[in-house]
Each structure stands twice: as structure tokens, then as C-alpha cells.
Amino acid sequence: MRLIEGKIGMMFRTLKTALAVLGATLLAATASAQDTIKIGVTQPLTGAFAASGNYVTQGAKIAEEQINAAGGVLGKKIQLIVEDNKSNPTEAVSTAEKLITREKVPVMLGAWSSTLTLAVMPKLEEYKVPMLVETSSSGKITTSGNPFIFRISPTSEMEAKAFSPLFKKMNIKKADFLATNNDFGLGASKEFSAAAKAAGVQVGVMETMDPKATDFSAQLAKIKASGSDTLFVTTAVEQITLILKQAKDQQVKARIITTGGSNSPDQLIQQAGDAANDSYHLVFFTPWFPEAVKNPDIAKRFVSLWNEKKYHVGGLTEGFRGWDGIYTITAAIKAAGKAEPEAIRKALWNVKVKGINGDIAFIKQGPAGKESAQNVPSVYLVKIAGGKVTRQ
Amino acid sequence: MKRGLTLAWLLFLASVPLWLDNLYILHVLIMTGIFVIAAMSLNLLLGYTGQLSLGHVAFFGIGAYVSSLTTLGFSVHLLPDWQVSADPKPVWFGMLLGTVVAGLFGWAIGRLAFKVRGAYFVIVTISFAEVIRLVALNWVELTQGPMALNNIPYLRLGIPEVFEVAFLRKPANYYLVLAVGILCYIIIRRLVKSRAGRAMIALRENEPLASSVGVDVTRYLVLATVVSAAMAGAAGTLYAHYVRIVDPDVFLFIYTVTMVIMVISGGKGTLAGPVVGGIIFGLLPEVLRSARVPPEMQWVVYGVLMILVVYFLPQGIVPAVRDWWLSRRAADAPDVPAEATTKAASR
Amino acid sequence: MDQFLQHVLNALILGGTYALLGIGLTLIFGIMRVVNFAHGELYAFGAYMMYLWVMVLGTNFYLALPLAVLLGVMLGALMEFVLLRKMRGADIDTTMLIMIGAWIALQNTQQLTWTGVAKSIDSPFPTSPLVLGSVSVSWNRLFVFIVALALIGATYVIINRTRLGKAMRATFQDRDTAALMGVDINRIYTATFALGSGLAAAAGALLGPVFVVYPTMGDLASLKAFAIVILGGLGSIPGATIGGFILAFMEELGAGYVSSGYRDAMGFLLIIIILLVKPTGLFAQKERIG
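Chains as they are written, first to last, in my numbering: chain V, 42 to 433; chain F, 3 to 349; chain P, 12 to 301.
Do not take every clue at face value.
What the hints assert, rightly or not - Subject to a maximum C-alpha distance of 27 Å in a straight line, what follows is the list of computed DSS-like cross-link-like pairs (lysine-lysine):
no. : chain 1 : residue 1 : chain 2 : residue 2
1   : P       : K130      : F       : K117
2   : P       : K130      : V       : K429
3   : V       : K375      : V       : K411
4   : P       : K289      : V       : K424
5   : P       : K130      : V       : K350
6   : V       : K335      : V       : K102
7   : P       : K130      : V       : K102
8   : P       : K289      : V       : K253
9   : V       : K411      : F       : K117
10  : V       : K351      : P       : K289
Honestly, the hints are just simulated from the structure, not real lab data.
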């Protein structure tokens with residue numbers, strides 16, 4: 042009995058400490074100084090999309106350092122408040138709540154995947170805070186009538202449209218589709234198959250896979266049997282690695298083209314080896330030949346800063362989004378002349394920023410009166426040949 | 003005295019939005035409240051009938067999906083040329099329907115529970131939740147699959163254009179969750195204090211004996227699962243119209259685990275247990291988060307705490323505190339036989 | 012026809028590792044009555060240990076494999092000793108909760124240690140596959156299949172031909188009598204848990220180089236192992252072996268001819284149907300509900 046009493050006593054002490062910490066956080070929230078301009082960042086730092094979310098955050102932090110080294114904006118330094126949305130929509134809502142109501146950020150960057158961004162969107166309307174979307178590809182984000190959304194990444198539709206002329210050029214006659222079973226994969230499959238049909242290309246099988254799956258033998262056997270000349274793959278880099286390897290094991294003859302840009306050819310070469318050769322990849326940034334992009338100076342600077350930090354080379358194709366996002370937001374704050382949500386929202390509509398991906402400016406999308414903003418980014422096709430990324 | 007304590011506790015909970023001006027903490031409290039309701043419903047099964055359902059999140063998710071789809075409207079092809087569609091209905095109706103449908107699924111699982119017990123029941127319930135998750139993920143036409151149902155309307159009550167309460171802001175949602183929570187608490191309390199409740203406890207303690215004295219095993223198990231599932235469904239509808247997005251991740255196993263931790267740490271088979279456990283484990287992530295503990299470490303803490311609770315407080319916090327309280331009173335009054343309290347404490 | 016043959020070959024290869032996972036789980040349940048939710052974590056642990064030996068320390072591939080399995084065996088023994096020894100006689104729900112706690116703690120420790128970025132392990136096998144007429148299979152997978160069959164065979168020998176196995180079988184049939192006859196129950200339990208964990212770690216160490224290694228890889232492995240064990244009947248080793256192959260065929264053919272989106276649902280649907288129709292599983296000799 043004494044033993045139990047001891048335990049209870051200990052438990053109460055723990056509880057007391059916990060309450061003290063909770064109280065301290067309550068107080069801390071009210072006592073933060075206003076000598077910087079805060080920018081809220083919600084990214085998946087853990088969970089399924091952890092790798093990508095961390096790369097984007099690293100890119101954003103490089104931009105933060107550069108901007109502050111150059112004197113900040115409106116005479117103040119910018120400060121990124123990064124919250125982890127744990128790759129989970131409910132947590133994404135919590136991070137938005139926290140950033141807006143507790144940190145009082147006037148503008149946000151986020152939230153990587155479309156589902157996470159969609160989860161945050163009602164909160165933007167509720168608190169009237171704009172958010173710059175850096176990665177999400179679902180068309181729904183800009184067409185559902187949320188005037189607080191500013192997207193710099195391309196939609197699947199835009200990507201498919203950009204690819205359209207290549208159907209003929211690459212002599213594609215029949216195409217199969219293999220996509221991860223989420224908004225990103227299914228959206229891309231839908232748009233690319235529609236574009237294929239419009240270009241007179243026969244559509245073979247359309248397969249899906251669980252985002253966590255590692256064995257695609259069944260899907261690949263089916264694709265092999267369909268006898269098409271090209272296979273479009275949309276998923277994250279880990280699954281692409283496995284698909285390339287397993288396609289080789291099963292002697293799938295079709296040429297593989299990956300879409301979505303959330304892919305790192307460097308990592309593929311490293312991890313898939315031989316199997317990566319002769320595959321094509323649609324990317325939104327080409328760090329291998331920064332001179333190919335529209336603003337080569339900025340791209341080169343970003344690549345050298347990234348390498349200076351010794352960040353993972355495979356993260357460059359994700360990291361640039363964070364940089365572009367923060368530079369766009371800062372430009373809007375500067376144009377607005379004050380760090381207030383509504384002023385920044387208005388200013389974002391007129392920004393013209395030289396970004397790594399190209400020149401960033403927004404066009405209207407969605408229902409009249411409640412339009413969201415969409416940038417028209419550049420899309421590049423690269424090929425892996427002989428263990429190297431080559432220009433197409 | 004006990005009644006006074008309950009009343010004071012209620013008054014305190016009701017006063018929170020009046021003095022707490024930090025909306026983020028209020029948001030955390032609302033989410034905690036929703037999970038407390040789910041934990042209470044799980045406790046009815048786990049604590050009172052002794053059936054460990056590890057698919058409980060399925061009912062939560064079914065409630066969320068049914069309510070969202072009812073209020074958003076849908077149109078699906080059940081056969082290539084047979085289309086079923088529904089126009090958007092009011093939110094209160096959706097919430098009611100979500101609760102009822104979750105209860106119906108509970109009925110099916112309750113019937114199943116009669117056939118399989120123990121480890122088998124656990125695995126059946128996990129599989130059930132996983133199949134439902136995969137359906138929600140793959141039946142894109144109905145559920146939008148991974149694209150998630152978004153722009154879910156919030157609840158409005160009253161007469162349109164005359165007097166209406168909109169449950170959009172946090173204080174309103176807080177009171178809604180609190181009201182539903184109190185209602186669920188009262189229902190569970192009445193249920194377990196009734197004849198049916200005594201029968202359930204008899205089942206948990208000694209099933210052959212209970213059925214030999216004429217307790218209708220199936221009936222009470224089914225009753226418990228239906229009520230439990232409907233409550234979890236109600237919590238799901240609250241979630242859907244508060245967060246206003248539902249995606250297949252609501253069926254993740256980790257949510258069930260969170261509910262189970264809340265129930266066993268608080269004290270399974272006690273009325274206050276899931277409330278206490280729910281509040282602790284609902285607020286703990288925020289405490290750890292503001293203490294800059296990385297989320298993985300937070301989960302390690304969860305896992306270790308769970309093992310420690312099972313080891314050292316197998317009955318949970320509430321019974322342990324009660325026993326400790328009783329034993330202190332016994333120590334103050336030496337004429338109470340010490341043996342009785344020792345037994346209670348070391349149970 | 013070619014497609015069908017390829018599916019059959021794929022399923023056969025996949026079935027070997029599924030069986031390996033299932034046997035480990037069913038062994039632990041049959042003898043100890045513990046539903047081991049941490050089983051998938053041992054699988055992930057085996058894969059990460061393989062990564063540690065091969066990619067970090069640069070050990071020879073064929074030497075790294077037994078080392079990874081050995082570490083899995085040791086972790087299993089440790090877990091049994093720390094977590095379960097004091098819980099003898101506790102009901103099945105209690106030990107299940109402990110194993111769920113262990114699963115969460117282990118998985119997140121792995122995430123903390125290795126980060127969320129997937130790792131790949133180099134293997135010494137040629138990259139061009141073995142071609143058999145119209146179908147093909149990679150050398151690495153063939154190796155995995157052969158080793159898996161060998162390990163399954165070895166498990167049968169241990170259970171049926173050794174003194175330890177005899178004691179295990181006696182414990183399985185009647186723990187109290189076995190204890191009365193002088194069997195050291197604690198030793199048997201630790202050995203059982205270590206053996207089951209070793210098999211899971213072996214599956215992870217074998218498949219790590221075929222796929223990629225990431226912290227949550229154990230979840231799917233656990234769920235599949237449960238499906239296999241239910242299919243074969245809790246506690247039945249031949250059942251788990253055949254169950255592994257049945258699940259592999261269902262998944263492969265289901266994905267090939269029905270819908271690939273529901274590939275991973277096959278196992279769960281199977282569980283529900285089996286439990287409704289024949290709750291003891293297909294191959295259990297004894298009534299084991301309770």
C-alpha cells in the first residue's frame with residue numbers, strides 16, 4: 042500500500058510540473074515582442090511526407106537568411122515560425138490555428154500536399170489570412186472559391202498541358218498510368234490521360250498503388266501485358282525508385298516518364314542505379330544546369346547556398362519552392378508597406394518576383410468575386426542517361 | 003458533497019471561454035473534448051463489457067463521413083446505369099444521421115462479437131476499421147477518396163432569418179462539444195447504473211455464470227456496442243463540422259490507440275476515467291509541443307507511458323486516486339478495518 | 012497467359028516472406044498467448060540493422076544477414092525479459108496493450124534514430140533479371156525466396172526434432188503440466204519470443220535490399236502477418252505457411268484482375284470472411300476461441 046501511495050505522490054508531482062509548463066506556455070503566448078515580421082510556415086516535418094517538407098523548410102530558411110542579411114523588409118527582419126503538420130490534415134488545421142491565433146502571423150506558407158492545404162483553407166477564410174501554396178497540385182485548391190489562396194506551384198492540369206506537345210514529339214502511341222492513391226497521383230493520372238486522349242494517344246491501363254506500398258509486381262505485370270510504349274508514373278521519389286527497379290526486374294519495356302516534380306533524379310541515380318537510366322522526369326527546377334532556367338543567376342546562387350549548407354543534394358528540386366515562396370511573400374509585404382493580412386493579400390495580386398522556377402505573378406482562377414490566385418510556372422523535362430541527368 | 007464537486011467542475015468548464023482569450027488553447031480544448039467523447043464511448047465497451055475494440059475509430063469516421071456527405075450532397079453510380087444522388091440536407095440532420103448510421107454498424111459488430119471473442123474480436127475490429135478506411139480511400143466517386151471532403155458546412159440551429167446560432171466560432175463550438183459530452187456522460191451513467199449495466203458488468207466478470215443465471219449475453223453486448231458506436235459516431239460528426247474537412251486519415255489506427263490510452267490510463271470501467279485520461283492525453287501533446295519535444299519523442303513518451311500505466315496503475319488513475327483518498331481517510335479514522343482498504347488499494 | 016504466369020511467379024516469391032512473417036507471429040501467440048503488435052517493428056529493425064551493417068559499417072552482405080537476424084533475436088529476448096516476464100498470467104488484453112506500447116515506442120525510436128528519409132541497401136546481385144521464357148524475376152528476390160524457405164524448414168526442424176522444440180510443444184499443449192514435468196517455462200517463453208522475433212527480423216533483413224527501408228515499414232508487415240495468422244488459425248505453423256502463400260496469391264491476382272487500389276484490402280476482407288465462416292482459421296486443429 043505504501044508503494045502505491047508513493048506512486049500516486051509521484052504522479053501528482055508530475056501532474057504539477059505538467060500544469061506549470063502549460064501555464065508557462067499560456068503566459069509566453071501573450072508576451073512576444075513585435076520587432077520582427079512573422080511569416081507562418083506549416084510543413085510536414087514528420088510522417089509520410091517528412092523528407093519533402095524538411096527540404097521545403099530548408100529552402101525557406103535559406104531565403105530568410107538571405108533576406109535578413111540584405112536588411113530585411115520595411116526596416117525589420119523577417120522571422121519564419123515553422124510548425125510541423127505531421128503529414129496529417131487534422132494537425133495541419135491545428136498548426137494554422139496556432140500560427141494565426143497565437144503567433145499572429147499576417148501571412149503563411151504551406152502546406153505541401155493538397156490534402157493538407159485543403160484542410161487549412163477554411164481557417165484562412167475564417168481568420169482572413171492569405172497563404173502562399175508552394176507544392177500542392179490539386180485543381181480544387183484554386184477553383185473552390187477561396188480568395189486567400191496564392192499558389193506558385195503548377196496544377197496537374199497545367200503540367201499536362203505543358204507536356205501535350207511532347208506526345209507527338211516523343212512518338213507516344215499508347216500510354217499506361219501508374220499513380221499513388223492520393224490527390225496528387227490520381228489528379229495527375231486524370232489530367233495526363235485526358236491530355237493523351239486529346240492528342241490522339243491510346244490510353245492503356247490506369248493503375249493505382251497505396252502510398253505506403255513497396256511491392257508493385259502485380260501492377261507492373263499488368264502494365265507489361267498491356268503492351269504500351271510509355272508509362273506515366275506519379276508518386277514520391279521513394280516509390281519511383283522501387284518502380285524503376287521492379288520494372289527492370291519484370292522487363293517492362295515501356296519508357297517511364299514521371300510527373301509531379303516531387304521527384305529527385307539525383308536520388309534516383311543514387312538509389313536505383315542502372316534501373317534509372319533512360320527514364321524521363323518532369324521537374325520544375327533543373328539544378329543540374331541552372332543556366333537553362335529563366336533566371337539563371339538566382340538559380341545558381343540558390344544551388345551554391347544549398348551546397349554550402351551541405352543539405353541533401355536530392356532536396357534541391359523541393360527546396361527551391363521554399364525559397365520562391367518566401368521571396369514572393371516578402372515582395373508582397375514590401376509592396377503592402379505594412380505587415381497586415383488584408384494589405385498583404387491585396388499586394389500579392391500585383392507582385393512580380395524573379396524566382397528560381399521563373400517569373401512569379403498571379404492570374405485569377407475560380408468563381409467570380411472569390412477568385413484564388415495561380416502562378417503559371419515553368420515545367421522542364423529531363424532524362425537520366427548513363428547515370429547523369431541530361432537536358433531534353 | 004459529491005454533487006457539489008460535480009457542479010463546481012461543470013461551472014468551471016462552462017466558464018472557460020469567458021476568461022480564456024487564447025483561441026488556440028480553446029481549439030485544443032475543443033479537439034480534446036471531441037476525443038473525450040470518443041474515449042467515453044470506447045469505455046462503455048472496453049470498461050463495462052470487457053470487449054477490447056481496436057476498430058473504434060471506424061465508428062468515429064463513419065459518423066464524420068455520413069454527416070459530411072449528407073450535408074454536402076452526393077451522386078454515385080451504384081451500377082453503371084443506376085445512379086443514386088442526394089441533395090444537401092441541413093447540418094443537424096446530417097449529424098443525427100451520422101450518429102444513427104454509426105450505431106447501425108455497431109449493431110453489426112455487436113452481433114459479430116457474439117461469435118468471436120478475445121484476440122479474434124480485436125483483430126476483427128482492426129480489420130473492419132481498415133476495410134472501411136480503404137473503402138473511403140478508393141470509392142472516389144462518393145468520398146472523393148484522398149482528395150478529402152472539404153468545405154463542409156458548419157452547424158446552424160434555430161429558425162433561418164429569425165434567430166440562428168452559427169457554430170462557426172470557437173466559443174460556440176466549445177459549448178456544443180461540452181453539451182454533447184455531458185449528454186453522453188449522462189446516458190452512459192444511466193445505462194451502467196441500470197439493470198442492463200449490471201448485466202454487462204456481470205458478463206465482464208464471469209460470462210458463464212452470468213448466462214447461467216439468465217443474462218441474455220447477445221442482447222446486452224449488442225446494446226453496449228450500438229450505444230458505444232453511436233456515441234463515437236456523434237463525436238465524428240462534431241469533428242467533421244468543426245474541422246470542416248474529412249479525409250481517409252480519420253480512420254488511422256493511431257487514433258484508436260489514442261482512445262485506448264485515454265481509457266486505460268484514466269481508468270476503464272469508471273465514469274470519470276475516460277474524462278480524466280482524455281484531458282491528460284489531449285493536452286499532453288500541446289505541453290510536449292511547446293516544450294519543443296520532437297513529435298517522434300512525443301510518441302515514444304506515449305508508448306512508454308502506456309506500458310508504465312499497464313504495469314503500475316493497471317486500474318487507471320481514477321481508481322488509484324480514489325483508493326489513495328479512501329486509504330488516507332481510513333488512516334485518519336483508525337476504527338475502520340485496515341484490511342478492507344488494503345484490498346481496495348492493491349486490487 | 013503471360014501475364015497470368017508472371018502473377019503466379021510473383022505471388023510464389025512474395026508468399027515465402029509472408030510465410031516467414033506469419034510463422035513468427037503465430038509461434039508467439041500459440042505458445043505464449045501474446046498478440047504481438049510489435050512484430051512489424053522487429054521486421055523494420057531487421058531491415059535497419061542490415062542497413063547499418065552493409066551501408067554504414069561496410070560489412071559483407073552475406074555476413075551482415077546473419078548478424079542482423081542475430082540482433083533481432085537478441086532484441087526479442089530482451090523485450091520478453093523486460094516487458095513480459097513480470098506479466099505471466101496476465102490476461103491477453105493486458106499483454107496486448109503492453110505490446111502496442113512497445114510498438115509505438117520502437118517505431119518512433121527508429122524514426123528518431125534514422126530520420127524519415129527512406130534508405131536503400133546495396134545488394135551483390137546482378138541487376139539484370141533471371142528470364143524464364145516470357146516471365147522474369149530478379150536474382151535478389153530469388154535469393155530471398157530460397158533463404159525464406161530454408162528458414163521455414165529450419166523452424167520446422169527446431170520445433171519437431173529438438174529438445175527445445177519438444178518443450179515448446181509441451182508448453183503449447185498444456186503449460187501447467189509442462190511446468191510440473193520440469194520444463195523451465197521462463198526459458199521456453201524467452202526462446203519462443205526470441206525465435207519469433209528473429210524470423211521477423213530475418214524477413215526485414217531479406218526484404219530491405221529488395222525494397223527501401225523506412226520507419227513505418229513495420230505497420231503493413233504487422234497487418235499482413237495478422238491476416239496470415241488468422242487465415243491459418245492462431246497458433247498453427249503449417250497454417251501460417253500456407254496462409255502466407257494464399258494471401259500472396261489473393262493480393263497478386265486481386266490487383267492484377269480486380270483493382271490494384273484494393274490490393275492491401277484483400278487481407279482484411281479475407282480475415283472478416285474467415286472469422287465469420289470458420290473463426291478458428293483454415294488449419295487449426297484445436298478450438299482456440301476465448
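Quiz item: Has the given pair, K130(P) with K117(F), been kept, meaning a C-alpha gap of at most 27 Å?
Solution: violated (44 Å)
Practice problem: Starting from K375(V), check that the Cα of K411(V) is at most 27 Å away, please. | Solution: holds (24 Å)
Quiz item: Taking only the CA atoms, is the gap from K289(P) to K253(V) under or equal to 27 Å?
Solution: Between K289(P) and K253(V) the Cα gap is close to 31 Å, so the pair fails against 27 Å, i.e. violated.
Quiz item: Between K411(V) and K117(F), is the straight-line Cα distance small enough, at 27 Å or below?
Solution: violated (55 Å)
Practice problem: Mind checking the alpha carbons of K289(P) and K424(V) for me, to see if they're no more than 27 Å apart? | Solution: violated (54 Å)
Quiz item: Straight-line Cα separation of K130(P) and K350(V) no greater than 27 Å?
Solution: holds (21 Å)
Quiz item: When you check the alpha-carbon spacing of K130(P) and K102(V), does it fall within 27 Å?
Solution: Roughly 25 Å separates the two Cα atoms, so the pair holds.
Quiz item: Is it true that the CA of K335(V) sits at most 27 Å from the CA of K102(V)?
Solution: At roughly 23 Å apart (the allowed maximum being 27 Å), K102(V) and K335(V) satisfy the hint.
Quiz item: Within a Cα-Cα threshold of 27 Å, do K351(V) and K289(P) meet the stated pairing?
Solution: Violated: K351(V) and K289(P) sit about 58 Å apart, past 27 Å.
Self-check item: 27 Å limit on alpha-carbon distance, applied to hinted pair K130(P) and K429(V)
Solution: holds (21 Å)
Consistency note: the structure conflicts with the earlier hints numbered 1, 4, 8, 9, 10.
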